[in-house]
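J.: Okay, so the sequence shown: first residue is 277 according to the numbering used here, each after it adds one.
What the hints contain is simulated information worked out from the structure, not anything from laboratory work.
Using N, Cα and C, we set each Cβ at its ideal position, and we do this for glycine too.
Be aware that one or more of the hints could be misleading.
To be verified - Here are the in silico distance ranges between beta carbons for each label pair:
1. Ser-467 x Gly-384: 21 to 31 Å
2. Arg-458 x Ser-288: 44 to 54 Å
3. Trp-311 x Ala-464: 15 to 25 Å
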Amino acid sequence: MFALPTLNFTVSQVAAVCETLEESGDIERLARFLWSLPVAHPNISELNKNEAVLRARAIVSFHSGNFRDMYTILEHHKFTKESHGKLQAMWLEAHYQEAEKLRGRPLGPVDKYRVRKKFPLPRTIWDGEQKTHCFKERTRSLLREWYLQDPYPNPTKKRELAQATGLTPTQVGNWFKNRRQRDRAAAAKNSKYDRLFRDSAQCSVFQNTVTDVSEALASSDISFTEISNLVKSATRYGRINLITWTEPVHRVKYENFVS
């Protein structure tokens with residue numbers, strides 16, 4: 277009968293490799309490393325309780341879509357506060373994705389609130405403090421800096437930014453998508469205001485011209501040609517559809533003024 281292969285690395289060495297691969301963001305290599313570990317080891321129970329190893333297993337499960345395995349790891353092992361931020365983000369994001377798949381549509385803020393109420397953070401990754409679901413100012417500042425450099429980051433940049441902020445690549449991608457949508461909406465709103473401003477300016481020019489015409493009509497020595505030129509000046513701005521007049525000049529009639 278053949279003996280099972282034994283692990284040549286110590287528990288601390290395995291943990292160090294897991295942490296290094298996690299920090300690099302290379303999830304594929306991290307997964308391969310975990311799968312290469314033999315099941316037989318004198319300290320296998322210690323290995324299965326090591327936080328770096330457990331966190332690595334949870335991360336690999338999350339990125340491969342094995343949310344059930346991830347939930348089991350997070351619910352049955354107590355993690356230190358240093359790991360809470362990343363693991364909480366994974367817990368929530370996994371439940372969001374499952375809810376979106378079930379409903380067949382993206383979740384809105386109210387939907388996400390209901391998901392959080394239905395699937396509260398386990399105490400193994402939460403110290404009981406109330407958590408705000410807005411990013412910290414330092415995180416937002418870093419995201420904004422990267423956004424100004426490149427509003428469409430590629431997967432590699434998303435992983436780098438996720439590592440720098442403690443977020444997941446999915447959270448980073450969603451932040452950039454939402455920011456682009458807000459900027460497009462703001463640009464459309466500004467364009468609308470610009471049009472209103474131009475229309476207002478044109479209307480002001482027309483009103484000034486009408487005043488000039490009225491003053492001209494009050495003069496006894498104004499000629500019909502001069503009145504005609506004033507009217508043409510207003511018409512150029514497109515604020516009058518039709519103007520008719522007959523002699524004498526004081527019977528000038530304005531029709532179909534478009535406000």
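J.: Against which earlier hints does the structure fall short, listed by number upward?
T.: 3
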